[in-house]
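Chemist: Please put together the full structure from these sequences, using the hints given.
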Amino acid sequence: MPELPEVETTRRGILPYCQQQTISEVTIRNRQLRWPIARSLPSQLRHQRIDDIQRRAKYLLFITKAGTLILHLGMSGSLRVSNKDEAIQKHDHVELMLSNGKILRLNDPRRFGSLHWTRQAAEKHKLIRTLGPEPLDDQFTAEHLYATSRNRRVAIKNFIMNSHIVVGVGNIYASESLYLAGINPGRPAGRVSLQRYEKLVNAIKETLRAAIESGGSTLNDFIKPDGQPGYFQHHFRVYGKTGLPCEQCGQPISQVTLGQRSTFYCKTCQR
DNA sequence: CAAAGGTCCTGCTCGC
DNA sequence: TGCGAGCAGGACCTTT
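If you read the first sequence in our numbering, its first letter stands for residue 5, the second for the next number, and so on.
Keep in mind the hints are simulated off the structure, nothing from the lab.
Source: prediction; values computed, not measured.
We put the CB at the ideal spot given by N, CA and C, even for glycine.
Treat each hint with caution, since some may be false.
With a straight-line Cα cutoff of 27 Å, these simulated DSS-like cross-link-like pairs (lysine-lysine) come out [stated by the list, open to error]:
1. 69 / 106
2. 128 / 106
3. 245 / 203
4. 128 / 69
5. 271 / 245
6. 128 / 203
7. 271 / 203
8. 69 / 130
9. 106 / 94
10. 245 / 209
The calculated label-pair distances, taken between Cβ atoms and stated as ranges, are [to be verified]:
11. 260 / 123: 38 to 48 Å
12. 254 / 28: 23 to 33 Å
13. 166 / 128: 16 to 26 Å
14. 130 / 105: 53 to 63 Å
15. 125 / 148: 20 to 30 Å
16. 141 / 113: 28 to 38 Å
17. 124 / 271: 44 to 54 Å
18. 89 / 197: 54 to 64 Å
19. 168 / 217: 22 to 32 Å
Modeler: Here it is in structure tokens:
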């Protein structure tokens, strides 16, 4: 479920409740997430103070003096801040009790999320080390995409969804960005010019920035950390719009499968 | 039965 | 033939 804007919205939402709070207790109700949660995790987290929560790609990094908790929400995960008297819900797998009396709860029906503890700097962790640049950083440029895509035949949509190339471009924003840039999602990445990569980089940055500003777009069950439903109806131009008229040319939006993911585009406007 | 917002891992293919 | 990089598909799950 969460794309980068939702993860960033989550980070901003929970930070005021977590920052400088000490974790007094950790409850693991179901350890079978994407990878089994380490048995040692509760004892490593207990008594640690959360100095900050940062984000790298779609990972949330809970920074403490002793180490960092690396959390991923997977496809269907969400975090919410509860009071002690609020009952747990179905699929609440992990709870962090905080010194201010709040409880941070991880809910994840599909259990594709993950939790890792590292004593090193998070950047050195296996899951983080090999990641490409942040899309909103200045290091993410057209030159970077152009240089790394030479001689590559993979579809451009799969290319920009590859976290080793650039992080944080999920299935929705890949389609949306390619539409804005006028690039056919199936085009081989190695056959996109530098000029068109300029348009694409701008489109990715604009799309993500706008979504973060809007508080994250959501489709089904994204719950904001304070418990408010995050049903922000984002205006998608092509995602989920199969058969509806293209805003630019009026032709029906097409749907294809690329890399086993639904892909939406305009056959006329995107080449 | 199909599809849903993620992404790591495995094994195959391709070109040097 | 061997090797590494690139690539497709599978895997992990529940809900609608």
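Chemist: Tell me the numbers of any earlier hints that the structure contravenes, in ascending order.
Modeler: 2, 6, 12 and 14
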